[in-house]
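These protein sequence lines map, in sequence, to chains S and H.
Using my numbering, the letters of the first sequence correspond one by one to residues 1 to 417.
Using my numbering, the letters of the second sequence correspond one by one to residues 1 to 142.
By construction, these hints were calculated from the structure, which means they are not laboratory data.
A few of these clues could be false.
[To be verified] Over the 10 angstroms line for every Cβ pair with chain H, so calculated as not near, a few chain S residues: (1) S84; (2) E269; (3) R272; (4) L273; (5) R288; (6) V302; (7) S305; (8) E322; (9) S325; (10) S397.
[To be verified] Pairs of lysine-lysine, DSS-like flavour, derived with a Cα cap of 30 angstroms: (11) S:K78 to H:K6; (12) H:K125 to S:K353; (13) H:K22 to S:K404; (14) H:K90 to H:K124; (15) H:K124 to S:K385; (16) S:K404 to H:K125; (17) S:K292 to H:K90; (18) S:K411 to H:K22; (19) S:K411 to H:K6; (20) S:K392 to H:K124.
[Unchecked claim] Which chain H residues face chain S? A few, computed with CB under 8 angstroms, are given here: (21) A2; (22) D5; (23) Y11; (24) N13; (25) Q19; (26) V32; (27) A99.
Glycine is no exception: its CB is placed at the ideal position from the N, C-alpha and C atoms.
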Amino acid sequence: MSTVLSEPKLPAGVKLPIYMDNHATTPLDPRVLEAMLPYFTNKFGNAASRNHSFGWEAEKAVDLAREQIAKLIGATAKEIIFTSGATESDNLAIKGIGEMYRERGNHIVTQVTEHKAVLDTCKRMEKLGYRVTYLPVNADGLIEMDDLKRAIDDKTILVTIMAANNEIGVIQPIEEIGKLCHERGILFHTDAVQAVGKIPVDVNAMNIDVLSLSGHKIYGPKGVGALYVRRRNPRVQIAAQMDGGGHERGMRSGTLNVPGIVGLGVACEISRLEMDEEAAKLKAMRDRLREKLESNLDFIHVNGSMEHHLPGNLNMSFIHVEGESLLMGINDIAVSSGSACTSATLEPSYVLKALGLGDDVAHSSIRFGLGRFNTPAEVDYVADKVIDVVQKLRELSPLYEMAKEGIDLTKVQWQAH
Amino acid sequence: MAYSDKVIEHYNNPRNVGQMDKNSTAVGTGLVGAPECGDVMRLQIKVNPETRVIEDAKFKTFGCGSAIASSSLATEWVKGKTVDEALEIKNTDIVKELALPPVKIHCSVLAEDAIRAAIGDWKKKNVGAGEQASAQVAVAAN
Numbered sequence: 001m002s003t004v005l006s007e008p009k010l011p012a013g014v015k016l017p018i019y020m021d022n023h024a025t026t027p028l029d030p031r032v033l034e035a036m037l038p039y040f041t042n043k044f045g046n047a048a049s050r051n052h053s054f055g056w057e058a059e060k061a062v063d064l065a066r067e068q069i070a071k072l073i074g075a076t077a078k079e080i081i082f083t084s085g086a087t088e089s090d091n092l093a094i095k096g097i098g099e100m101y102r103e104r105g106n107h108i109v110t111q112v113t114e115h116k117a118v119l120d121t122c123k124r125m126e127k128l129g130y131r132v133t134y135l136p137v138n139a140d141g142l143i144e145m146d147d148l149k150r151a152i153d154d155k156t157i158l159v160t161i162m163a164a165n166n167e168i169g170v171i172q173p174i175e176e177i178g179k180l181c182h183e184r185g186i187l188f189h190t191d192a193v194q195a196v197g198k199i200p201v202d203v204n205a206m207n208i209d210v211l212s213l214s215g216h217k218i219y220g221p222k223g224v225g226a227l228y229v230r231r232r233n234p235r236v237q238i239a240a241q242m243d244g245g246g247h248e249r250g251m252r253s254g255t256l257n258v259p260g261i262v263g264l265g266v267a268c269e270i271s272r273l274e275m276d277e278e279a280a281k282l283k284a285m286r287d288r289l290r291e292k293l294e295s296n297l298d299f300i301h302v303n304g305s306m307e308h309h310l311p312g313n314l315n316m317s318f319i320h321v322e323g324e325s326l327l328m329g330i331n332d333i334a335v336s337s338g339s340a341c342t343s344a345t346l347e348p349s350y351v352l353k354a355l356g357l358g359d360d361v362a363h364s365s366i367r368f369g370l371g372r373f374n375t376p377a378e379v380d381y382v383a384d385k386v387i388d389v390v391q392k393l394r395e396l397s398p399l400y401e402m403a404k405e406g407i408d409l410t411k412v413q414w415q416a417h
Numbered sequence: 001m002a003y004s005d006k007v008i009e010h011y012n013n014p015r016n017v018g019q020m021d022k023n024s025t026a027v028g029t030g031l032v033g034a035p036e037c038g039d040v041m042r043l044q045i046k047v048n049p050e051t052r053v054i055e056d057a058k059f060k061t062f063g064c065g066s067a068i069a070s071s072s073l074a075t076e077w078v079k080g081k082t083v084d085e086a087l088e089i090k091n092t093d094i095v096k097e098l099a100l101p102p103v104k105i106h107c108s109v110l111a112e113d114a115i116r117a118a119i120g121d122w123k124k125k126n127v128g129a130g131e132q133a134s135a136q137v138a139v140a141a142n
C-alpha cells in the first residue's frame with residue numbers, strides 16, 4: 001500500500017517524531033560530538049599515564065574539561081571529580097559524606113520529591129544506622145525553610161536538596177538553603193542535574209558544598225558526570241566508595257572516560273555561553289504551549305510553582321483523561337506521563353502525589369520537556385495534537401461527562417479493584 | 001510499550017461510544033473501576049424484555065488504551081446476545097482477542113465486571129416483571 005502521497009503535509013520546521021522529553025535525556029550537540037571524536041581514535045591515551053605523550057595529551061584534555069565545568073558553576077578545576085553520571089555522583093556524595101563525618105553525627109535531611117538516586121541512597125543510609133528526615137513540599141512543590149530549620153539538630157551532618165525537579169521543573173530555594181547550612185556548619189549537597197546549564201548556578205554565591213551534574217542532560221554524552229567537592233571554607237572530605245588506583249584525588253578510582261569527559265567539558269562551555277539566550281527561547285516556547293493548551297481546553301492545570309520554574313519544563317494535568325491513553329494518541333511526540341499504568345506497581349508519580357494531587361489527577365499528567373533543538377513550529381504541532389486527542393478522549397470519558405453534568409466525582413462510591 | 005494492532009484499532013475507532021438513559025427500565029448500567037486506579041468504565045445495555053436480547057450497548061471509558069479497547073470490544077460482543085449468553089463472556093476471551101500483555105489483564109477483568117454490573121442493574125430494575133423468577137431459577141441452578 002502506497003501511503004506516501006496521502007500523507008498530510010507537515011508545516012515547515014516539523015519533522016516527526018518530535019522529541020520533547022529533554023528532562024529524560026538530551027540529544028548530543030553536534031559541536032560536542034566533534035570535540036569528542038579524536039579521543040575515540042588517535043588520542044586514545046590514558047590520562048593517568050605520566051610517561052609519554054599519549055598520556056599527556058589525554059590529561060591535557062581532561063584538565064581543560066575540568067576548567068570548563070568549573071567555570072559554569074563558579075568553582076575551581078581542582079574541585080571537579082569525574083564520575084559515570086549523576087546517580088553515581090549522588091551516591092558518592094551522600095555515602096561518602098555519611099561515612100567520613102560519622103563521628104560528628106548521623107542525621108541527614110532531604111525532601112520527598114528528590115530523584116530516586118538520592119531517595120534510595122538515603123534509604124540505604126537508614127539501614128546503615130543513619131537518621132534521615134524527608135521534608136514535605138507545599139502544593140507548589142517547594143520546601144518550606146521553616147521545616148528545614150526545625151529538622152536540623154546537633155547530629156545533622158548533611159542536607160541534600162535538589163536544585164530543580166526532573167518532573168515538575170520546580171527550583172528549590174538553593175541560596176537560602178546554602179546560607180542556612182553554612183550558618184549551622186552543616187554540609188550542603190545539591191543534585192543539580194536539571195539545573196546546571198539551564199539556570200545560573202554558582203557554588204560560592206549559593207554556599208553549595210557538593211554538587212552532582214550529568215553530561216547527557218546538557219547535550220553531552222551519556223555515561224559521564226561530575227561531582228563538585230568544595231576545597232575551601234570548608235574543605236569537604238568524602239570517603240571513596242570505589243577502591244582502586246586512587247584517581248580523582250583518591251575519591252573515585254577508575255580510568256577516566258576521556259572522550260566522555262571532553263564531551264562534558266564542551267557541553268558545559270556551550271551552556272555557559274548560550275544559557276541566557278537559550279533560556280529565553282525555551283521560556284517563550286513553553287509559555288506559548290501553555291497558553292495554547294489553556295485557551296482550548298477546560299479542566300487542565302499546571303503542576304508546580306511557575307514562578308520558580310525551569311524554562312523548558314511544563315507539567316500539566318488533563319483531568320478526566322488517563323495519561324497513558326493520551327500518550328498513545330500522540331505517539332509521534334515523545335513526552336512523559338505521570339501515570340505509571342505500565343509499571344508493575346500501577347502507582348502514579350510520587351512527585352505529583354507529594355504536591356497533594358490525587359491519584360486520578362496524577363494519572364492524567366504529562367511532562368513536556370523542551371530543549372535546545374525544539375522549534376516554535378513543533379510547539380504549535382504538539383499543542384494542536386494534544387488538544388485534538390484530549391478532546392477525543394474526553395468524548396470517551398465517563399468522568400468528563402459526569403463532571404460536565406455537575407456531579408462531584410469525589411462523592412461517587414467507586415468500586416476500586 | 002507496544003500495543004497489539006487490535007488494541008490500536010479499537011482505540012482509533014472505538015465502537016458504540018455514548019450514553020443511554022440510565023433511568024429507563026430497559027437499560028442496565030454498569031459503572032466499575034475508580035479514578036484513582038486510573039480506569040473507570042461505564043457500560044450500558046438496552047434489553048428487549050420479551051426476548052431478553054441485548055439490542056444495544058454503549059460505553060465510555062477513562063483509562064489506558066487497553067481499557068478503552070476492552071470495553072469497546074465488550075459492547076460489540078454483548079450486542080445481539082441474550083443476557084444469559086452475555087454473562088458467559090470471560091475476561092480471558094478479551095485477553096485472547098486483544099492480545100493483552102499480563103500487565104493489562106486487569107483491563108479485561110474490568111470489562112467483564114462492567115458487563116456483569118450492567119446486567120445486574122437491568123435485572124434489579126426488572127424484578128417483578130418476570131425477572132425475579134428467572135433470576136431465582138438461575139440461583140437455584142447454581
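| With 8 angstroms as the cut and Cβ atoms as the points, is H:Q19 at the interface with chain S? | holds, 7 angstroms
| query | Measuring from the C-beta of H:A2 to each C-beta in chain S, is the shortest one below 8 angstroms? | reply | H:A2 check fails; min Cβ-Cβ to chain S is 11 angstroms, beyond 8 angstroms.
| Hint status (Cβ of H:A99 to nearest Cβ of chain S, threshold 8 angstroms) | With a closest approach of 15 angstroms, the H:A99 hint is violated.
| query | Would you say S:E269 is clear of chain H, with no C-beta pair closer than or equal to 10 angstroms? | reply | holds, 39 angstroms
| query | Does the claim that S:S325 lies outside the interface with chain H hold up, using a Cβ gap greater than 10 angstroms? | reply | violated, 5 angstroms
| query | Is it true that the CA of S:K292 sits at most 30 angstroms from the CA of H:K90? | reply | Given pair S:K292, H:K90 is violated - Cα atoms ~44 angstroms apart, limit 30 angstroms.
| Hint consistency between H:K125 and S:K353 [alpha-carbon to alpha-carbon, up to 30 angstroms] | Not satisfied, since the Cα-Cα distance of roughly 40 angstroms exceeds 30 angstroms.
| Between S:K411 and H:K6, is the straight-line Cα distance small enough, at 30 angstroms or below? | violated, 35 angstroms
| Given the hinted pair S:K404 and H:K125, is their alpha-carbon gap at most 30 angstroms? | holds, 27 angstroms
| message | Tell me if the straight-line CA distance from H:K124 to S:K385 falls inside 30 angstroms. | response | violated, 43 angstroms
| query | Taking the closest pair, is the beta carbon of S:R288 still more than 10 angstroms from chain H? | reply | holds, 29 angstroms
| query | Are the Cα positions of S:K392 and H:K124 separated by 30 angstroms at most? | reply | With Cα atoms ~33 angstroms apart, S:K392 and H:K124 exceed 30 angstroms; violated.
This entry does not satisfy hints 8, 9, 10, 11, 12, 15, 17, 19, 20, 21, 22, 24 and 27, going by the numbered hints stated previously.
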